[in-house]
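One line per chain: the protein sequences are A and B, in this order. So that you can map any letter, position 143 of the first sequence is 143 in our numbering, and since no number is skipped, the others follow by simple counting. Add 174 to a position in the second sequence, counting from 1, and you land on the number used in our numbering.
Derived by calculation from the structure, the hints in this document are not laboratory data. All values reported here derive from a predicted model rather than from experimental measurement. All C-beta atoms in this analysis are idealised placements derived from N, C-alpha and C, irrespective of residue type, glycine included. Check before you lean on any hint, since a few could be wrong.
[To be verified] Pair by pair, the computed Cβ-Cβ distance ranges are:
#, chain 1, residue 1, chain 2, residue 2, range
1, B, I276, A, P90, 16 to 26 Å
2, B, D219, A, L45, 49 to 59 Å
3, B, A344, A, T109, 57 to 67 Å
4, B, E389, A, G65, 36 to 46 Å
5, A, S162, B, T369, 23 to 33 Å
6, A, T110, B, S405, 57 to 67 Å
7, A, S134, B, P342, 53 to 63 Å
[Stated by the list, open to error] Some chain B residues judged to face chain A by a derived CB distance under 10 Å, without partners named:
#, residue
8, V199
9, P200
10, V221
11, Q278
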Amino acid sequence: MRSSTLRLVVALVLFTCVFLFMRYYEFDLPVWSYLTGNNAVDPALLHLQGEFVESHLGTTRELDGSLTLRLIAEQYLFVPHCVLVPAETPIRVRITSADAVHLLFFAGTTYKLRAVRGTVNEGRFEFPHPGVYSMPCHEFCGAGHYAMRSRLVAVARDQFPSLKPGEIASCGPR
Amino acid sequence: MLVWLGLSVPLLVYAFMGAQSERPVPTPSNVAWTDETIELASGGDPVRGLLLARRCERCHGTEGFSSKPEIPNLAGMDKLAFWKQLQDFQAEKRESATMQMIMQPFTPRDDADLAAYYSMLPTMPDPQDPRAFPGDTPPAAHGTMAARLISLGDGRRGVPPCQACHGPVAYVRGAPPLLTQNSAYILKQLTTFATGIRTNDINMPMRSIAADLTEEERKALAEYYGAGLASLPTGATAPRR
Chain A
1 MRSSTLRLVV ALVLFTCVFL FMRYYEFDLP VWSYLTGNNA VDPALLHLQG
51 EFVESHLGTT RELDGSLTLR LIAEQYLFVP HCVLVPAETP IRVRITSADA
101 VHLLFFAGTT YKLRAVRGTV NEGRFEFPHP GVYSMPCHEF CGAGHYAMRS
151 RLVAVARDQF PSLKPGEIAS CGPR
Chain B
175 MLVWLGLSVP LLVYAFMGAQ SERPVPTPSN VAWTDETIEL ASGGDPVRGL
225 LLARRCERCH GTEGFSSKPE IPNLAGMDKL AFWKQLQDFQ AEKRESATMQ
275 MIMQPFTPRD DADLAAYYSM LPTMPDPQDP RAFPGDTPPA AHGTMAARLI
325 SLGDGRRGVP PCQACHGPVA YVRGAPPLLT QNSAYILKQL TTFATGIRTN
375 DINMPMRSIA ADLTEEERKA LAEYYGAGLA SLPTGATAPR R
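If we strip away everything but chain A, and leave its shape as in the complex, we get (with noise of 0.2 Å):
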């Protein structure tokens, strides 16, 4: 093969491996997660199946020991409308959209997850304070975006209760 060719076939692999694996844009996951169809959810079944039924919704321990924090994002508010955190503590935060394109702010700190109907996005986060952090949408969503807001309690790692794995923390109704 001539070496012009090599070069050119070595400059595409190259590229191709950086394109698969960099963070897309405010999606805080690899870009092959979403080709893969890992990440795929149907909105309309959210409600009955998988891991963002009710039931699943908040604070919960992994069999590992870690946090994650499911939400839905939909008109107008993410739900649970308020979530219970430890501060100082690794958080997984997946999200997804029911309806139109959002996007989660916590207010006092740099992270955002854009939700997008029929993707789970994820970021890992960690709330450096106990605190009440506003979670507004920063995407225009519809007529009440404005108002869309939730708000993440964080407390300290001893006041945050110990879960079991499945085990579900909120501070909103349920």
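Fit chain B to the supplied structure of chain A, relying on the hints for placement.
Same frame as chain A, but now just chain B:
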């Protein structure tokens, strides 16, 4: 004997674990807004619905307006919202001893026909029809409070404006229009959502919003809608509390 025990115990354990993992997940409603469901719910025959609605008139009125404020008006109801509530009564996802019993013989097709019929009924006033709507005008303070919540919501608490989902500004699938609804019925539904008695709202929007409202705000909203004021242009001119 020992061989039998050795084989059966692991099988029993495996079966038990399987049963545990297959425990049914509680769901708010069996209705899922897929394309097929939307086509079924919105494709009813209003003439057939007219015939089926004869058994609804006793409580819900001949023109879709009830004479009792605690019984909802059905005239002009959105087809999808109407169909979903009937489905939820049949699946016992929404509590009502009366409606669950009445709706048992109906099929999804019947529900769609009823939805098509009631969606076509006019909501204009009729002095000759004995109807509870519109109710009394609310006190000024309640009127101002309700106007603000309906037109602006409350961004501090994350309460969206009612009119963004229930009209007239915008409508969300499954959210019924409230412009010509009875006050006592609205108040009861807001209260049951807030207390968690009613749980058939998909993805919990109404439970979350109603729980954030105070009892006075729920009453004010019910009175405002029940007086027929929500169809007027609303504006929040009063200072925020």
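Here's how the hints hold up against the structure:
1. For B:I276 paired with A:P90, a C-beta distance near 53 Å fails the hint of 16 to 26 Å.
2. Between B:D219 and A:L45, the C-beta spacing of about 28 Å breaks the proposed range 49 to 59 Å.
3. Checked against the hint of 57 to 67 Å, the pair B:A344 and A:T109 fails, with Cβ atoms roughly 31 Å apart.
4. For the hinted restraint 36 to 46 Å between B:E389 and A:G65, the CB-CB distance of approximately 41 Å keeps it satisfied.
5. A:S162 and B:T369 have their C-beta atoms about 28 Å apart, which keeps the hinted 23 to 33 Å range intact.
6. Checked against the hint of 57 to 67 Å, the pair A:T110 and B:S405 fails, with Cβ atoms roughly 44 Å apart.
7. The supplied range of 53 to 63 Å is broken by A:S134 and B:P342, whose beta-carbon atoms lie about 29 Å from each other.
8. Taken as an interface hint, B:V199 checks out: its beta carbon lies about 5 Å from the nearest beta carbon of chain A, inside 10 Å.
9. Checking B:P200 against chain A by beta carbon gives a least distance of about 6 Å; that is within 10 Å, so the hint holds.
10. Among the interface hints, the one on B:V221 is violated; its C-beta lies about 30 Å from the nearest C-beta in chain A, farther than the 10 Å criterion.
11. A cut of 10 Å between beta carbons decides the hint on B:Q278: the least distance to chain A is about 23 Å, and the hint is violated.
In this structure, the hints that do not hold are numbers 1, 2, 3, 6, 7, 10, 11, in rising order.
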